[in-house]
Amino acid sequence: MTANLVNVLMSGIFHAAILFLVAAGLQVVFGVQKIFNLACGSFYALGAYTGVTAVQYFVGHGGPPALFILPLVLGGLAAGLIGIVVERGLLRFVYDRDETFQLLLTFALVLMLEDLIRMTWGTAPVSTGGLYLNYGQARIAGATVPVYNLIVIGASLALALGIGWLLTRTAFGRIIRAAADNREMAQALGVDMRSVYIRVFTLGTMLGTLGGALVIPSTAAMSEMGIELIVEAFAVVVIGGLGSMRGAFVGALGVGVLRSVAISVYPELEMLLIYLIVIAVLIWRPQGLFGAAPA
Amino acid sequence: MRTPLVLALVGISTAIAPLVSPAYYVTLMLPFMAYGVVLLGLNLLFGSAGLVSFGHALFISIGAYAGAVLTTHLGVRHMELILPAGALAAAIVAAPVGALCVRYVKIYFGMLTLAFGMVFYTFLLKFYRLTGGDEGMRVLRPYLLGREWSGFSKTDYLIGPYYYFSLVVLVLATLLMWRIVRSPFGLCLRTIRDNPLKAESLGISVPRYRWYAFMISAVYAAVGGALLAPPTGNVDPTLAYWTHSGNIVFMVLLGGFSSFFGPLLGAFAFIFLQDTVMSVFPYWRLIFGAVLAFIVIFAPGGLMGLLSRRRPAEVPGA
Chain A
1 MTANLVNVLM
11 SGIFHAAILF
21 LVAAGLQVVF
31 GVQKIFNLAC
41 GSFYALGAYT
51 GVTAVQYFVG
61 HGGPPALFIL
71 PLVLGGLAAG
81 LIGIVVERGL
91 LRFVYDRDET
101 FQLLLTFALV
111 LMLEDLIRMT
121 WGTAPVSTGG
131 LYLNYGQARI
141 AGATVPVYNL
151 IVIGASLALA
161 LGIGWLLTRT
171 AFGRIIRAAA
181 DNREMAQALG
191 VDMRSVYIRV
201 FTLGTMLGTL
211 GGALVIPSTA
221 AMSEMGIELI
231 VEAFAVVVIG
241 GLGSMRGAFV
251 GALGVGVLRS
261 VAISVYPELE
271 MLLIYLIVIA
281 VLIWRPQGLF
291 GAAPA
Chain B
1 MRTPLVLALV
11 GISTAIAPLV
21 SPAYYVTLML
31 PFMAYGVVLL
41 GLNLLFGSAG
51 LVSFGHALFI
61 SIGAYAGAVL
71 TTHLGVRHME
81 LILPAGALAA
91 AIVAAPVGAL
101 CVRYVKIYFG
111 MLTLAFGMVF
121 YTFLLKFYRL
131 TGGDEGMRVL
141 RPYLLGREWS
151 GFSKTDYLIG
161 PYYYFSLVVL
171 VLATLLMWRI
181 VRSPFGLCLR
191 TIRDNPLKAE
201 SLGISVPRYR
211 WYAFMISAVY
221 AAVGGALLAP
231 PTGNVDPTLA
241 YWTHSGNIVF
251 MVLLGGFSSF
261 FGPLLGAFAF
271 IFLQDTVMSV
281 FPYWRLIFGA
291 VLAFIVIFAP
301 GGLMGLLSRR
311 RPAEVPGA
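Chains as they are written, first to last, in our numbering: chain A, 1 to 295; chain B, 1 to 318.
Chain B with its partners taken away, still in its complex shape (with noise of 0.2 Å):
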């Protein structure tokens, strides 16, 4: 097994990545290592669970916006609190979304997620006084461990402490996510999204399993959406729109949504990806439409499947 050597060099490189690698690079991580927490949930949903969501940008949106409300409005700059109030805040919300979604499977499912984006997307586009509007909110620069940072400029802030603190926040993450899908539970899951009707005759509740994949990914899309606001300093309602849920859904599916890790391969090579692709062409929706066109048709399996080609299937997402 070579996934340990890869996982060490992945990690060694990725932390002395700000020591040796041009800024601008590493400003570019911090976008991928926030999907990638996002990722990470919403692959529980559609490689464990086998429920493609189209509106989880909704849940990106509420961590996002819990930063900037709390930042720019109510004072609370720790981003220890951040993460936590935007997880609440989206278990909150997921909590009556997810009990009615998971009534349904397949494009039903989807539609239903789709639909739920879009009325956030609205209250957040037409509700001026609460939200700023189209133009949204700013997000001030959250202290890390209890400082402010005030002596660092604002790459050096974001090359330093918030690319280390975002990449602890992926690795607790990965971890955590990495115990989830392998413990009974996520055997659960895999069960469910093959044979539902087996499940329920084992006596798994198929509704509240689902239900509960659903709350962990939404938890999951807010700490990632509130981790991918503070680098670009602002917030709005494109965050929640319906194209955005698509895209994340392409992250997954370009990674390859039955490796554990290929959600995070995903987010890489999309970001990475999108911008060479913007540096000499700018119409990258033309390029990625016909990439992701390609793996739908040829590659259903990803990166991760064209890697793995030749080796045994393994089991999804374990």
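One chain only, chain A, in its complex shape (with noise of 0.2 Å):
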């Protein structure tokens, strides 16, 4: 009984790790830049896919299997360099306009992603196969966890620390919530809102890739793993407020734990149950538990 509660909660908890780092890409872009990108969940899937070519070629070239984590992370990191092509490609073109345009936009690359990771990486999924468990498995009370899964926590956790620290403590962080609170004073004090705009949507894109490519070794990747994990990933800023990121980390770990829950009680809630609190937190609270209020 606990054993299984432990399961539940822990394979809840890892979505939840992966989910946090999409929606953390997904609300420091739209912090600063004002624009809802459906394009999360493509850049995860391309972290994905991305992160598996990494990991064979460095286990096909002699690469110890036990170390296969440090290629993965940096195709995860290296994916999340398109992030500077697409901004200074489509979408430095819209700042200034109509809100909807920029979604459809977004939703243009949504389009443009999934096929180019078809073309490129074929319809099969694509996997590492069992590599993960080269690190083993933790008995937590009578469950067995893979320890990759909680290298994964410990990984999503840290970089929610580290993000809170790049925002509240160094100087790039105070110019990114000063863009974020007031982009015309902060531009009148002398920031480089072009430069600014550029490393944000790159931050926001390698957080997503990087998700992808960590949540990998445990699945397998599909072309269409992007566009389901970007309206889970809408589920969680919208429940934890749009541009906050304590908001993406409670959000995430509420989502995923239910989500978990809900599969192994009644597996038709799933996602439902999700949706019905996004829409009554739509309806009761807009701004959703961590937002600020709308002006």
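The set of hints was computed from the structure by calculation and includes no laboratory data. All C-beta atoms in this analysis are idealised placements derived from N, C-alpha and C, irrespective of residue type, glycine included.
Computed spacing ranges between beta-carbons, pair by pair:
1. Lys-34/A <-> Leu-5/B: 43 to 49 Å
2. Glu-135/B <-> Gly-122/A: 21 to 27 Å
3. Phe-93/A <-> Leu-7/B: 32 to 38 Å
4. Asn-182/A <-> Leu-172/B: 49 to 55 Å
5. Asn-195/B <-> Phe-93/A: 25 to 31 Å
Two chains, each in its own frame: build the complex with the hints.
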């Protein structure tokens, strides 16, 4: 009984760790650029595929399988550099446009990236096989949990703290928050918005691609994984509050665990429950749990 | 004004298409006409009321599933009953959903509609016994004008009676929408879009008018959805998925959301372009994504905007 409960909780928290990374990417971009980036999920899928390829290359060239996490993370981070291309090549044209058009531009990205992935990696799922079992299994209260999952949960927590530190304790973080708060004033005070936008968007993209890379050893990469995850990340940021990092953290934990509990108790409810909560939050508290009250 | 001439030409060629063009292209006209009805309604929200729904696939799937349930489970085969039944079901769902959604604008409206769409999608997917799960349900060939058309092969039925039936529905839907956007109601919607505060102070009830527009567009989407299903003979949950909602917004933008006939042109261009691209290159999303990005950045007026660039801007929707 406890073993079962721990299993359900741990799988929920693992999912939450990944969801947090993607949602954090969504939040940082929304906070500064005010663009709701539907392509976050596609970045996540791209990171997953790049991660698999990097790991396969590494192991294929005689790298020790136990160190597969290094190429995995590097591959994920490298995929995030596409953020620079996307920001310079597309988004910078629409910053002063209606948000509907911004949203549709990110939808265009979703379409393009989905097929780019299909062209590059084909339609069959790809995976790293059982590599993640290299780290063994841990026994927690009678339940067996892959150590790899614990590493990912730890990494996600560390990143959450790191983002918190970046935003509150560094000069760049102060600039980000100032730009999010009042773009004109930040600009008037000499902030180079062009460079802030590039860096913020690349940061957001990297969080997504890293999330995709980290999830992939425990599952398989499929071309639809992006459009499926974005609606979950969407639920997370709406529940947590658009633009809020704390909201992304709590929202991800809530959605991840709730979904995992729902699957084990009454599978039909799975995401239905999550979307009903999203609707309830939007109706009673549209700014989300941690969002600023709408002006 | 060249519009009447163009309309007459389009009308004549659509009417004689089954007689002169290959059956394959005629069957492509069926989804065009179904989406045409959907988009006329969607653009009442988008173009006239300024609200962009990212969950309208919800109402398309209600219409489509209504046809499936009626023909396979309830033995109701008459299209003349299926369309109103789908419209009624959509109106019943849209009444509370719309009342909640129209309290918000812009991105919150989009998010709320998206969430409702996904609720229905997961319902269709997970409640297997009611909806057939991911395999969906079959849609039996509907009777038209009380006749079974049993002597017709599937293709002959589709490019003959079904084609003209769809065409009549599309024409009626277009005429009705033309009246709606040119009525005082349509004018109120545009006033609300351009300046909600002023509209309020003029005595227009902003939420109520938005709610009416939402209801009308939901009914249009359901009628279009009911027309969409019989040619494929099957409905499945992807009809309600959020990317389907995104695609229909894309169609409206492609044709031009600030013109009355833009959405119809958009549906036509989308269906035929998709078919052309797919016949030479399997990755149509890549091309379409690039097209959408181009439109958003360089030509927000869509195809209609490009065609009428030299003429003075007309009043949107009028």
